[in-house]
Each structure stands twice: as C-alpha cells, then as structure tokens.
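Visitor: Listed below, chain by chain, are the residues.
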Amino acid sequence: MNGLWRRRLWRALLSLGVLAVLYGIASQIGSALLPRRIWMVAHYIEDVELLPPYASLLEEAVFLVKSGILPRSILVSTARVLEGLALGAAVGVPLGLSMARVARLEWLLDPWVTFFRFTPALALLPLYALWFGLGELSKILLIATAVAVVTLLGAYQGVRDVPRVYLEAAKSLGASDGLILRKIVWPAALPQILSSVRIALGLAWVTVVVAELIKATMPSLGYLLALAGAYPRVSTIAVGIVTIGVLVLACDAAALGLYAMATRWMKRSPADA
Amino acid sequence: MPEPRRRRLEMRDVVHVYEGKTATRALDGVSLDVHDNEFLAIVGPVGSGKTTLVRIVAGFLRPTSGVVLCDGAPVTGPGPERGYVFQEEAIFPWMSVRDNLGFGLLAKGVVASEREKIVAELVRLIGLEGYEGAYPKELSGGMSKMVEVARVLATDPAILLLDEPFGLLDAQTRSKMQDQLSLLWEEKRKTVILVTHDVEEAIYLADRVVVFTPRPGRIKVEVTVDLPRPRSLETRFSPAFLALKRSIWKEIGRA
Chain Y
0 MNGLWRRRLW RALLSLGVLA VLYGIASQIG SALLPRRIWM VAHYIEDVEL LPPYASLLEE
60 AVFLVKSGIL PRSILVSTAR VLEGLALGAA VGVPLGLSMA RVARLEWLLD PWVTFFRFTP
120 ALALLPLYAL WFGLGELSKI LLIATAVAVV TLLGAYQGVR DVPRVYLEAA KSLGASDGLI
180 LRKIVWPAAL PQILSSVRIA LGLAWVTVVV AELIKATMPS LGYLLALAGA YPRVSTIAVG
240 IVTIGVLVLA CDAAALGLYA MATRWMKRSP ADA
Chain L
0 MPEPRRRRLE MRDVVHVYEG KTATRALDGV SLDVHDNEFL AIVGPVGSGK TTLVRIVAGF
60 LRPTSGVVLC DGAPVTGPGP ERGYVFQEEA IFPWMSVRDN LGFGLLAKGV VASEREKIVA
120 ELVRLIGLEG YEGAYPKELS GGMSKMVEVA RVLATDPAIL LLDEPFGLLD AQTRSKMQDQ
180 LSLLWEEKRK TVILVTHDVE EAIYLADRVV VFTPRPGRIK VEVTVDLPRP RSLETRFSPA
240 FLALKRSIWK EIGRA
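Residue numbers (numbering that gives the first Met the number 0), protein chains in the order written: chain Y, 0 to 272; chain L, 0 to 254.
These are calculated hints, taken from the structure and not from any lab test.
Hints may be right or wrong, so weigh each one.
Claimed, not checked - Calculated pairs, BS3-like style, for lysine-lysine (alpha carbon to alpha carbon, straight line, at most 25 Å):
(1) Lys107/L / Lys182/Y
(2) Lys116/L / Lys182/Y
(3) Lys187/L / Lys175/L
(4) Lys182/Y / Lys136/L
(5) Lys175/L / Lys244/L
(6) Lys266/Y / Lys136/L
(7) Lys175/L / Lys189/L
(8) Lys187/L / Lys107/L
(9) Lys189/L / Lys116/L
(10) Lys189/L / Lys107/L
(11) Lys219/L / Lys249/L
(12) Lys266/Y / Lys182/Y
Produce the complete structure using the sequences and hints provided.
Guide: In structure tokens form, the structure reads like this:
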C-alpha cells in the first residue's frame with residue numbers, strides 16, 4: 000500500500016512539474032507575441048498579460064498569501080465543500096441503499112433521479128438563492144445536491160452489484176434483514192459507495208466555485224475567481240485555479256486512502272499491490 | 000430394509016419451470032425421500048435440474064408445482080436447519096475466517112463468549128489454526144471451501160445441502176476434500192444431499208446415488224451404495240466400487 004502511495008505521489012509531482020515547465024515555455028513565447036491591449040465588449044483594456052510569466056504569478060501568489068486573502072479563502076471554501084459533502088452523502092447514501100432494497104421506492108424514484116441527474120449547478124443557483132436566501136444555506140445545499148445525486152447512484156449500484164450468493168448464504172444461515180443489511184449489503188457495497196464519494200468530492204469543488212457566486216463576498220475562492228475574471232487579471236485566475244487543483248488533489252488522495260483502508264479485504268491485481 | 004428410519008425430507012412431484020422468453024422445464028415431477036442421517040448423492044448431466052432441486056429444498060426457489068416437506072412441514076424459505084454449501088465461493092470476503100465461521104451463530108443470537116468457543120473448535124476441526132484473523136483472499140480454494148462447510152456446521156443443522164461443493168477445485172484437492180467430508184460425516188452424522196457430476200465422488204461419499212435424466216430432470220435410477228465405512232483410498236479401487244461406477248455410467252450413457 001505504501002509503495003502504491005509513493006508511486007502515485009511521484010507521478011503527480013512529475014506530471015505537474017512537466018505542466019509547469021510547458022507553461023513556462025508558453026508564457027515566454029507568449030509574452031513576446033501576444034497583444035497587451037485587448038478589446039473587451041465596449042472598450043479597450045490596457046496592459047493585460049494573457050499568459051503571465053512566472054515572475055508575475057509569483058508576485059501575485061505572494062500578495063494573495065501575505066494579505067491573508069488566499070489562506071482565508073481556502074478555509075472558507077474547504078469548509079463549504081466538506082459541509083456540502085457530508086450533508087449530500089448523508090442524504091444520498093441512505094436513499095440509494097433503500098432504493099436498491101425496496102422495489103417500490105425504486106419504481107417511484109428512478110425517473111426522478113434520471114430527470115434531475117444532469118441538472119447543472121448553475122441552473123439551480125438562482126432558484127436556491129430565491130428559496131434558501133443569499134447566505135450559507137443555499138451555497139451548502141447547492142453542493143449537497145450535486146453530491147447527493149452522485150452518492151445515491153453509487154450506493155444504489157453498489158447494493159445492486161452485491162453477488163446473490165452472499166445474500167443467499169446469509170439467509171440460509173438464518174440472518175435477519177437487519178443483520179444482512181449491516182453485515183452483508185453495507186460492507187459489500189462500501190467500495191462502490193466510497194468510489195462515488197470520491198467522484199462527488201471532485202464535483203463538490205466544481206460546484207463550490209459556482210455556489211460562491213451567490214451574493215459573492217470575500218473571502219472565498221469562488222469570489223476570488225469571479226473578481227479576477229471581471230478585472231481581468233489572468234495571474235489571479237491562474238493562482239486560483241492552481242490552488243483549487245492542489246486542494247482537489249489533496250482531497251482525492253485522502254478519499255483514495257480511505258478507500259484503500261476500507262477495502263483491505265479485496266483481492267487486488269498485482270499492478271496495484 | 001428392516002431398520003425403521005425416519006423420513007427427514009420428502010419431495011412430492013416437484014416440477015420447476017424457469018420462466019423466460021422460452022420457458023425451460025428443469026424438473027419434471029421428482030419424488031424423493033431422504034432418511035434421517037442418510038448421505039444421498041444426486042448425479043446427472045449438466046442441465047438435468049439437480050441444482051434446481053437442492054435450491055428448492057434450500058428454499059431459494061419455489062417449485063412451480065409439487066411440495067417439499069422438511070420434518071413434515073412444507074419448506075417456505077431458506078433456514079439454518081438446512082445448511083447450504085454453494086458451487087461458487089460463498090464465504091464473505093470482507094470478514095475474517097473467524098467472523099465467517101461465527102456468522103450463523105451471530106444470526107442465531109449466540110453470545111460472544113459461546114460463539115468464540117464454538118468457532119475455536121471449528122478452526123481446530125478443519126485445521127486452520129493461525130488463520131482465524133485472515134481474510135478469505137489469503138486462503139487457497141480448498142481452505143475456503145472447508146471454511147464454508149464449517150460455517151454451515153457451526154449452527155448444527157439437521158440437513159446439509161452440498162451443491163457441487165468441490166467442482167471448482169483441482170482433482171488432488173478435491174479428493175482430499177472428499178476424505179475430509181467423509182470423516183466429518185462419520186463424526187457428525189447428518190442428513191446430506193450432495194449434488195455432483197462426479198460419479199466417483201458420489202459413490203465414495205454416499206449411501207445412495209440417484210441418477211437424473213437430462214432436461215427435463217427426472218429420476219432415472221436409484222443405486223444403493225453398500226460399501227463399508229469408513230471408506231479410504233482402497234475403497235476407490237475395490238471391485239465393488241468399480242462395479243457400481245460401471246453400472247452408473249451405463250445408466251447415464253443410456254439417457
């Protein structure tokens with residue numbers, strides 16, 4: 000398991016390093032070729048860096064960290080992601096489990112899920128702002144909605160994929176429905192549930208940036224990006240994107256670690272071991 | 000047969016049809032009694048409905064018509080008095096050997112200390128000391144089959160239903176498992192139905208062998224195996240054994 004971690008970390012560092020070098024080259028070439036003056040909607044904007052070189056990025060990053068804007072934004076946005084994740088999973092997972100176990104519930108809910116499954120967060124944004132106000136609640140509910148749909152499908156599929164032989168074996172050993180749910184269905188479906196949580200976590204980060212457009216206030220990563228887009232300041236946008244990327248990577252690593260811990264019992268292909 | 004033997008299982012005109020685009024008649028009126036502590040083997044070609052019949056006895060399937068009585072009461076669903084050993088791997092991969100062995104006891108509501116005692120005894124019985132905390136992925140195919148058999152025995156069921164239990168094992172392991180099962184049966188004396196396509200396995204283990212016809216399954220012939228017990232490697236090469244084997248193969252061939 001440790002070997003797997005180290006190799007993944009190496010790969011991440013290497014591929015990100017390559018990306019950084021490629022960007023460095025592109026920005027060097029770009030600063031010579033790209034216009035500094037661009038037409039935007041109704042007027043010209045002067046002195047724009049479309050591909051800011053490393054020096055500008057560094058300067059911007061130092062400013063954002065020293066002023067406290069970036070650290071506080073990270074804290075606020077991360078908290079929203081985790082709250083939305085917890086709430087969404089707390090609704091989605093039990094609903095998915097019961098949908099898979101109770102035929103009548105599936106019959107009723109399945110079309111709803113299909114219907115709402117791909118509703119983009121941006122479409123729900125004004126609705127949630129109207130219904131739940133401009134505060135924290137609508138932001139977290141927006142994230143939770145996205146998470147709930149993904150984890151519902153994960154839990155549903157996880158339960159559906161429990162091999163019949165385990166259910167029959169448990170029944171023939173005299174297990175009650177409750178015991179089967181706790182000791183057979185739940186552990187057998189857990190790997191798929193955790194996989195869906197991992198996907199939902201990434202989606203939560205995508206959604207938080209949108210959610211933070213609701214009565215946007217500092218500090219938050221979503222507002223930082225929106226503001227930088229309005230100026231426009233490419234270096235701020237770049238720092239914001241990199242920050243979110245690093246946070247997503249860290250979250251993903253944590254989710255993967257949790258998955259590995261919860262599936263120690265599974266047979267693994269030699270490539271993973 | 001002079002000795003009065005109690006009927007443990009009665010199957011009366013059991014018919015089973017699998018519904019689908021084309022309905023498949025798997026069993027076509029099977030009537031069969033199994034006596035208390037009898038070891039019965041069912042052999043027959045693939046698709047002769049042998050598995051369907053034991054799945055009905057287990058309560059996993061409802062017969063299309065006919066009835067199965069267990070100790071005089073109709074079977075309505077699965078239950079711990081009829082232990083079932085599956086063709087495929089059926090021990091729970093997310094549970095340790097210990098938890099697998101104790102699962103039936105847990106379901107029965109046996110307290111933890113008592114459970115531990117019975118599990119420790121089972122571990123000794125199948126010779127898996129030191130593997131109590133291991134996950135099934137660390138066991139060989141033969142070991143995990145033995146764990147499954149022991150898991151079923153933990154709650155001391157009256158009837159054992161074995162559905163091609165050793166079908167996925169290699170020949171050497173299979174013959175070792177047959178010896179272990181034979182010893183277990185000598186010690187515990189239970190009513191057993193063994194489904195197998197291995198004629199030799201059937202003769203080696205059973206008191207009586209029932210031969211099924213190809214689909215739809217019907218009883219073609221019953222053969223009593225009166226080889227002395229305990230049986231051993233020598234039994235497999237005795238003239239009586241070979242004669243039984245020849246006559247059963249002839250019956251299958253004439254199908």
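Visitor: Taking the hints in turn, state whether each one holds.
Guide: Hints, verified against the model:
1. Only pairs whose Cα atoms come within 25 Å are accepted, and Lys107/L paired with Lys182/Y is accepted, the gap being roughly 14 Å.
2. Our distance criterion of 25 Å between C-alpha atoms is met by Lys116/L and Lys182/Y, whose separation comes to about 21 Å.
3. Proposed proximity of Lys187/L and Lys175/L is supported: the alpha carbons are some 18 Å apart, at most 25 Å.
4. Simply put, Lys182/Y and Lys136/L have alpha-carbon atoms about 18 Å apart, close enough for the 25 Å limit, and the pair holds.
5. Our distance criterion of 25 Å between C-alpha atoms is met by Lys175/L and Lys244/L, whose separation comes to about 20 Å.
6. In summary, the hint linking Lys266/Y to Lys136/L is supported, as the alpha carbons are separated by about 6 Å, within the 25 Å threshold.
7. Taking the CA atoms of Lys175/L and Lys189/L, the gap is near 20 Å; set against the 25 Å cutoff, the hint holds.
8. This hinted pair checks out: Lys187/L and Lys107/L have alpha carbons roughly 20 Å apart, not beyond 25 Å.
9. The straight-line distance between the Cα atoms of Lys189/L and Lys116/L is roughly 22 Å, inside the 25 Å bound, and the hint therefore holds.
10. Pair hint Lys189/L plus Lys107/L holds up; C-alpha atoms about 20 Å apart against a cutoff of 25 Å.
11. The straight-line distance between the Cα atoms of Lys219/L and Lys249/L is roughly 12 Å, inside the 25 Å bound, and the hint therefore holds.
12. The hinted pair formed by Lys266/Y and Lys182/Y meets the criterion: a straight-line CA distance of about 19 Å does not exceed 25 Å.
The structure fails none of the hints (numbered hints given earlier).
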